[in-house]
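Colleague: Kindly generate the complete structure, drawing on both the sequences and the hints.
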Amino acid sequence: MRVLVFNAGSSSLKFGVFDIVPRAELAQAACVFKGSFDRFGAGGCDYTSSAGQSRAPHTSLAEATQAVPDALTAAGISGIEAVGHRIAHGGAEFAHAQAITPEVFSKITALIPLAPLHNPANLEAVRVARNVWPDLPHWAVFDTSFHLSNPARATTYAVPSAWRAAGLRRFGFHGTSHKYVAQRAAEELGQPLRDLRIISLHLGNGASACAIARGESIDSSMGMTPLEGLVMGTRSGDVDPGLFGYLSRQMGLSIAQIEAALYSESGLKGLTGSSDMRDVETRAAAGDADAQLAINLYAYRARKYIGAYAAAMGGLDALVFTGGIGENSPSMRRRICDGMEFMGLKLDHDRNMGLCLAGRAAPQIQAYGARVNVLVTETAEQLMIAQEVGNAIAAPAALDLRIPVAVSARHVHLCRKAVDALFGPGYELTPDKPLRQKGHWAARERVTLHGPKGELANVAILGPLRARTQIEISRTDSFALGIDAPIRQSGALEGTPHIRLSGAAGQYDTDGLILAARHIHMNSADARRLGLKDGDMVDVTLDATGRGLTFAKVLVRVSENAFTEMHIDTDEANAAGITGAVEGALSGEAFMKGAGG
Numbered sequence: 174m175r176v177l178v179f180n181a182g183s184s185s186l187k188f189g190v191f192d193i194v195p196r197a198e199l200a201q202a203a204c205v206f207k208g209s210f211d212r213f214g215a216g217g218c219d220y221t222s223s224a225g226q227s228r229a230p231h232t233s234l235a236e237a238t239q240a241v242p243d244a245l246t247a248a249g250i251s252g253i254e255a256v257g258h259r260i261a262h263g264g265a266e267f268a269h270a271q272a273i274t275p276e277v278f279s280k281i282t283a284l285i286p287l288a289p290l291h292n293p294a295n296l297e298a299v300r301v302a303r304n305v306w307p308d309l310p311h312w313a314v315f316d317t318s319f320h321l322s323n324p325a326r327a328t329t330y331a332v333p334s335a336w337r338a339a340g341l342r343r344f345g346f347h348g349t350s351h352k353y354v355a356q357r358a359a360e361e362l363g364q365p366l367r368d369l370r371i372i373s374l375h376l377g378n379g380a381s382a383c384a385i386a387r388g389e390s391i392d393s394s395m396g397m398t399p400l401e402g403l404v405m406g407t408r409s410g411d412v413d414p415g416l417f418g419y420l421s422r423q424m425g426l427s428i429a430q431i432e433a434a435l436y437s438e439s440g441l442k443g444l445t446g447s448s449d450m451r452d453v454e455t456r457a458a459a460g461d462a463d464a465q466l467a468i469n470l471y472a473y474r475a476r477k478y479i480g481a482y483a484a485a486m487g488g489l490d491a492l493v494f495t496g497g498i499g500e501n502s503p504s505m506r507r508r509i510c511d512g513m514e515f516m517g518l519k520l521d522h523d524r525n526m527g528l529c530l531a532g533r534a535a536p537q538i539q540a541y542g543a544r545v546n547v548l549v550t551e552t553a554e555q556l557m558i559a560q561e562v563g564n565a566i567a568a569p570a571a572l573d574l575r576i577p578v579a580v581s582a583r584h585v586h587l588c589r590k591a592v593d594a595l596f597g598p599g600y601e602l603t604p605d606k607p608l609r610q611k612g613h614w615a616a617r618e619r620v621t622l623h624g625p626k627g628e629l630a631n632v633a634i635l636g637p638l639r640a641r642t643q644i645e646i647s648r649t650d651s652f653a654l655g656i657d658a659p660i661r662q663s664g665a666l667e668g669t670p671h672i673r674l675s676g677a678a679g680q681y682d683t684d685g686l687i688l689a690a691r692h693i694h695m696n697s698a699d700a701r702r703l704g705l706k707d708g709d710m711v712d713v714t715l716d717a718t719g720r721g722l723t724f725a726k727v728l729v730r731v732s733e734n735a736f737t738e739m740h741i742d743t744d745e746a747n748a749a750g751i752t753g754a755v756e757g758a759l760s761g762e763a764f765m766k767g768a769g770g
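Numbering of the sequence shown is given in my numbering, commencing with residue 174 and proceeding in unit increments.
Don't take every hint at face value.
[Claimed, not checked] Straight line, CA to CA, 35 Å or less: simulated DSBU-like cross-link-like pairs of lysine-lysine: (1) K706 - K611; (2) K442 - K519; (3) K726 - K187; (4) K606 - K590; (5) K726 - K477.
[Said to hold, decoys possible] Taking CB as the label site, the calculated pair distances span: (6) S437 - P365: 37 to 43 Å; (7) D413 - A215: 39 to 45 Å; (8) K611 - N747: 27 to 33 Å.
In case anyone wonders, no lab produced these hints; they're calculated from the structure.
All of these numbers come straight from a predicted model, not from anything done at the bench.
Just so you know, even glycine gets a beta-carbon here, dropped at the ideal spot from N, CA and C.
Modeller: See below:
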């Protein structure tokens with residue numbers, strides 16, 4: 174499928190044509206053509222393409238968009254089947270690529286106050302492109318979508334409820350870039366994405382950090398708007414919100430004036446007068462104190478986020494640099510990483526200096542033997558947008574398989590050592606009730622969980638025995654125990670909290686306490702019929718029962734003898750209003766290949 178992609182800004186238009194294979198690996202996608210119109214002004218603009226650089230007469234974004242067909246014709250490009258548009262802010266609603274209908278266009282327009290520098294330009298390109306290509310499908314792909322998996326504790330501001338009801342919350346941006354970078358890092362490391370804890374640093378004129386735990390964004394440095402977080406070219410990043418009142422009282426500035434300055438006159442530009450890191454580094458080397466401070470501040474802020482996100486994920490497997498500064502400044506990469514040897518992160522000088530990023534390369538630059546992998550790669554947001562558009566178009570509109578939904582109350586899976594400690598050496602658990610999954614059963618024996626706040630008694634044991642003990646509870650249970658348990662897929666137990674179990678003959682202290690991520694056990698025959706594989710993720714909607722909730726990003730676990738059903742915990746069941754037998758419908762447009770590895 175051939176997809177034309179637009180990334181529009183107020184003073185530039187980037188576009189590309191990509192041949193992609195829907196729901197295939199990104200490595201199978203090919204860039205056919207890339208071009209950009211930059212620096213619109215009364216005298217025209219700069220035009221850059223695969224053929225070279227030149228001047229163009231276009232003085233505005235609209236004129237440049239209208240000129241794209243001629244640029245493609247001149248390059249011999251034809252056969253466009255769909256148009257994808259990068260949209261900065263999609264709010265809390267748009268979790269996937271969306272066909273741009275009048276309703277969707279209106280909703281994006283309503284989000285302009287949250288991204289005043291970005292959404293207007295994005296929408297202008299949509300408006301013009303739909304007139305230029307009226308017979309092609311136009312799709313929106315949102316910077317914010319990837320971050321909608323962030324938990325409430327990462328997205329909620331501690332402000333009055335009326336403000337939160339009005340939509341005040343953290344969203345995060347650069348999601349398309351962070352999603353691509355995470356997948357590219359997993360490919361380079363030869364590991365499933367769902368097994369990795371990654372921090373992606375997108376460092377350019379706009380800059381953000383993202384914590385990606387087992388394939389999902391769990392936190393991002395940008396917030397309600399693209400203003401929060403790291404120091405950027407012209408944006409301040411994190412500031413005390415009290416500055417609005419202070420500057421109003423002391424300098425007589427209006428809210429609009431302060432906001433405009435934080436967006437356009439701050440960051441590197443506010444510190445040095447230049448928003449270009451290359452200029453800042455040159456001036457710093459010549460002794461400019463302001464430039465030296467800017468570089469130290471830039472690196473320090475990034476380093477703080479790395480430490481915070483490593484703590485949030487319970488460890489770090491890979492740090493990935495991308496964006497213009499991340500890709501091209503070995504000294505900034507070094508400044509950010511220096512001093513982090515305590516967490517197993519250290520660069521190799523020669524590898525850091527001798528990068529080649531051609532052909533979507535993602536070279537590793539960590540010191541040999543370092544525990545944390547450090548990679549550098551060019552971001553490929555346009556390619557990722559094309560892939561998401563192709564996936565959405567190719568996904569079936571409806572699927573004929575309905576999934577039984579099973580509610581899993583708290584339970585434990587024990588290892589041999591745990592059984593010996595809890596019930597006596599050599600003790601054999603007594604199978605009591607068979608479960609739907611072949612070969613699995615609930616034991617007659619029970620255990621008690623002990624936490625710093627309270628206890629949970631009569632907790633079920635599920636067999637057969639496992640190589641490692643795993644305890645699955647709900648979020649409400651975690652508060653009853655007084656322990657913060659992470660959401661994990663079964664078996665992903667590294668860095669999980671410890672808890673004490675007691676049984677008839679003794680007690681056992683172990684890690685492995687988790688909130689089990691919702692998942693579908695799927696029989697191989699059902700998976701083949703639906704075109705799914707182990708590790709794919711889908712959305713499941715309870716459309717005929719309960720409150721009609723949609724459970725997003727449900728992991729599909731395929732095995733030959735599985736009984737096809739979805740597992741959720743008691744909190745999720747209560748939120749959905751489930752009573753009695755329930756089935757869910759798979760949402761075709763939500764299929765995501767590769768999210769699991």
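Colleague: Evaluate each hint against the coordinates.
Modeller: Here is how each hint holds up against the structure:
1. Using a Cα cut-off of 35 Å, the hinted pair K706 and K611 holds, with the two alpha carbons roughly 20 Å apart.
2. A threshold of 35 Å between alpha carbons decides the hint, and for K442 with K519 the separation of about 30 Å falls inside it, so the pair holds.
3. About 31 Å separates the Cα atoms of K726 and K187, which keeps this hinted pair within 35 Å; it holds.
4. Using a Cα cut-off of 35 Å, the hinted pair K606 and K590 holds, with the two alpha carbons roughly 23 Å apart.
5. The suggested pairing of K726 with K477 holds, with an alpha-carbon distance near 30 Å, which does not exceed 35 Å.
6. Distance hint for S437 and P365: a CB-CB separation of about 42 Å, consistent with the stated range 37 to 43 Å.
7. Range check, D413 to A215: about 40 Å between beta-carbon atoms, so the 39 to 45 Å window is met.
8. A hinted range of 27 to 33 Å for the beta carbons of K611 and N747 is consistent with their spacing of about 29 Å.
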